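Protein sequences appear in the order of chains W and G. Taking the numbering used here, the leading residue of the first sequence gets 396, the next gets one more, and so forth. Taking the numbering used here, the leading residue of the second sequence gets 50, the next gets one more, and so forth.
For the record, the hints were derived by calculation from the structure and aren't laboratory data. Owing to the predicted nature of the structure, the values given are computational and were not obtained by experimental measurement. Each residue gets a CB set at the ideal place from its N, CA and C atoms; glycine is no exception. A couple of the hints might just be wrong.
Coverage of chain G stretches by chain W, computed from C-beta distances (three or more under 8 Å per stretch; other residues unrestricted) [claimed, not checked]:
#1 102 to 111
#2 118 to 125
#3 144 to 158
#4 161 to 174
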Amino acid sequence: MRLLSILFFFLVGFFGYAQVTISGVISDENGLPLRDAHVHIANKTISTDTNGNYILTGIPKGKQKLYISFIGYHAIEETIEISTDLTINRQLKLDITKLEDITIQQLSNSKSESSNEQVLKSATIEKFSNQTLGEALKEVSGVSILKTGSTIVKPVINGLHSNRVPIINNNVRLEDQQWGTEHAPNFDINAAGKITVIKGASALQYGGDAIGGIVIIEPEIIKEDTLVGKTILNLASNGMGGSLSSSLQKGNRYGWSWNALGTFKYLGDRETPDYVLSNSGNREQNFSGGIRYAQEKYNFNAMYSFYNAQIGIIKASHIGNVTDLYNSINDQQPSEIEPFTYSINAPKQEVQHHLAKINYQRWLNENTSIDFQYAFQFNNRLEFDVRRSSANNDKAALDLQLTTHTFLTDYKTSIGNWRLKSGLNLGYQNNFANPETGVRPLIPSYEKLDAGLYGIAVYKFDNATSLESGIRYDFSTIEATKYYLKSRWTERGYDAEFSHFIVGEEGNQWLTKPSFDYHNITANIGFRKQFHHEMEWLVNVSLASRNPNPSELFSDGLHHSTGQVELGDLRLEKEQAYKFNTTFNKDWKSFRIQINPFINRISNFIFLQPIGFETTIRGAFPVWEFKQTEALLTGFDVNTKWTITNHFSHELGLAYVNGQNLSTDEYLIDMPPFVINNKIQYKKESWFNFVSELKSEVVFTQNQFPNYNFETNIVVNNELTPVLVDISSPPKGYHLLHFYSEMTFKINKRNSLTTSFSVQNIMNTTYRDYLNRQRFYADEMGRNVQIQLKFNY
Amino acid sequence: MKNLKRIALLVVPVLFLTSCSNDDTPVNEEEVITTVRVTLVGGGQTIVLESRDLDGDGPNAPVLTPIEGGILVAGTTYEGSTEFLNELEDPAEDITVEVEEEGADHQVFYQVPSSVGTVTYTDTDADGRPIGLNFTLVAGTSGSSGNLTVTLRHLPNKTATGVAAGDITNAGGNTDAVVSFSVAVN
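Work out the full structure: start from the sequences and follow the hints.
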């Protein structure tokens, strides 16, 4: 039927159905002609010439849609009645928001021209208002999460995490002691307006060490003269608490604008289907605010944010020695289950992060801008353990104070088909490990200096084809101050190689000042080709380099939260990764597919591997050492979206990673298992924008893992008996169902209320996740019913 | 521009709120137990079994004395006591006192084959439950040998089945110290 009607219209057109010619000039607000503006009338399109002229012939008479757009300007969309040849001249108004957005893309600023980017918009982000950045990022296929309990969540991109996935918040690289797997990003998800995930190291302006990928968080900026507010209230059944987040923003195109945001979270113990996860509550009190002064040629920004979190660690995960670990694994139930409570006791984390920055941007001419930015970050991490003497329980067992200063400048310009960007950054970092804790810190005090220089060029052959290339140089120097037990120093074999680091002696310890310099060159080349409107191909090859972090270099002792001795190695070299990444996008009318395979070859890949046992008076502990190997990660991510009818749509996401340790011909540890997500959405706008979604999450059993099991002697029936401690076998796969629905009520033109109701883990399934560090001790959270109220005003 | 300067003035003080403490102070280790000492007195004999680990969590294993372990006399009843010390402090810190004061949060367990001996608690905490710092050991039959494993548990579930009688199976909590001494009965 449809075909027939198309044919009909086609024939009618062909036989000289009344047609006219429309021409005109497109200019900007000052009357200057705009070249290459896009003019679309009826089914005809054309671009304006150098003088802003266009001419469109063969436009059918009658009511027709007119659409004019140009990068960085407000588009014009209107319906016109056409009866004779017409001249239509239009002036486009500058749209700063869009201009920046697009300039960023075009100048390959925050994003990369040739690698796969996935964007989370504020509508998605708001759903996670009382959760974490990691959980929101899990919406992107290829991103999984590494958890410690229910509340400490880190993003994993294509199998890699922590220092291999830098997080850029508001153009500042987050320095929040990200080396630790149980250190979650210190960021309030409510402060994000837009989150971009790049699965590779191609965004060179942020550093050359994004071996896994990069997460870029940008705030929401309104550039119209209005005052808008938003308040989100969340209530959750699991944890019996919720969060309240409120923000106010005064927008302005020119002159002053400002914003402020406050968030409170308060949740008690989480529950599995069968028991309470004792001591798993958490709290957050966050604030951020900023001011901006903008003129046509320049703008100035200043912002400050404060993140303050208290996070309970389940009691059952505090273990003494390998016997306790063996018992936990074999009991399959936490050793301590108490009634629900809101209170948080040791073990727990108290983390604070301050970020302040000032930024000045100046447009030198229409195509050229320069940026200066200074940022200050102070991160204080307190970890409280169950101490031997309860009198000490309110004294932190770990107290690290990390201060980071960064200065950067970026220069962007476009000349003809070339777009260039280059910049310089300088950083100073100081970590202070407070000795007052009475516990030897795993991470020592250190000072670090960084300097980086980069250049990126994009050449556009035409609108459909572009080539991108970038290069970066980084220098870094680190000097630590650390006491080594003499016995450890000897056991590590440092006597011969590193005796020049020894500067003093204190009882059975050496005072050392190990220092290292690193020079890194990183590069990236990529290509993007749009075949039709429906098909796009991107390919990117990057070389990334990451220096060993303080934990990998200097750790030397018992990590209480894991019950293992972790040993760093001063001999570690930098990691280097070659990542090949390609993306195919194909769009049909109602079906869209994206396929993104990758190969990541990492030499000197740093990972923890068990090497044996050490016996102390507390018993035996498995010893894990930071080792280097040749690694190969391969995999793919697939996304599809199928618009079935006006109301129904379906989305599919799947992700697979295979991690190989090439040196030993084993699998790599902690690789995310194969995941398939299916989502069916029903949408009906006439019912107050009703949206309802049912999501199925299938996580397969990870069968690709190295066998790091070990034997130990424990007392069975009063006799020392050897047993196998199975720390390697991943838990069984699982299937979860989630539900989400929302409705939006317009109160008046400006004000609206959105209510949502959601259920996570509808079936109350009992499961454990391979990428949860507490999988030995307890099950994951059970069903969680949530209500969200969102006011926009 | 005036406003910009004012803002700059406001921001600058924040930047210098960094700590300037001395990085070179060594940590005074408070959590370490270096020494577990079990003293058995009976039959006119005093046996001292000791495990000592002077590098704490360092790589060196604890040193057990005497090397030959404990030699018990069959059928003899020994009055036993156990001490915990941190000898990295000078003078050595006696952790036994702390265990006794917080008796409700601690318990010492003794695991030994019944042919070698039987252990009975002789002390109690504020709730009338054993702490295990004091005990009696009745030596078993002549010619038998095995290990006496001494475990100090922190925050055990002292009301769980069998715990008061010295069975560690249901005790939970976490291990602050554990040592196995070889013992033989003559």
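Here is what the structure says about each hint:
no. : hint       : in the structure
1   : 102 to 111 : holds (count 10)
2   : 118 to 125 : violated (count 0)
3   : 144 to 158 : holds (count 4)
4   : 161 to 174 : holds (count 3)
Figure legend: structure checked against the earlier numbered hints; the only hint not met is number 2.
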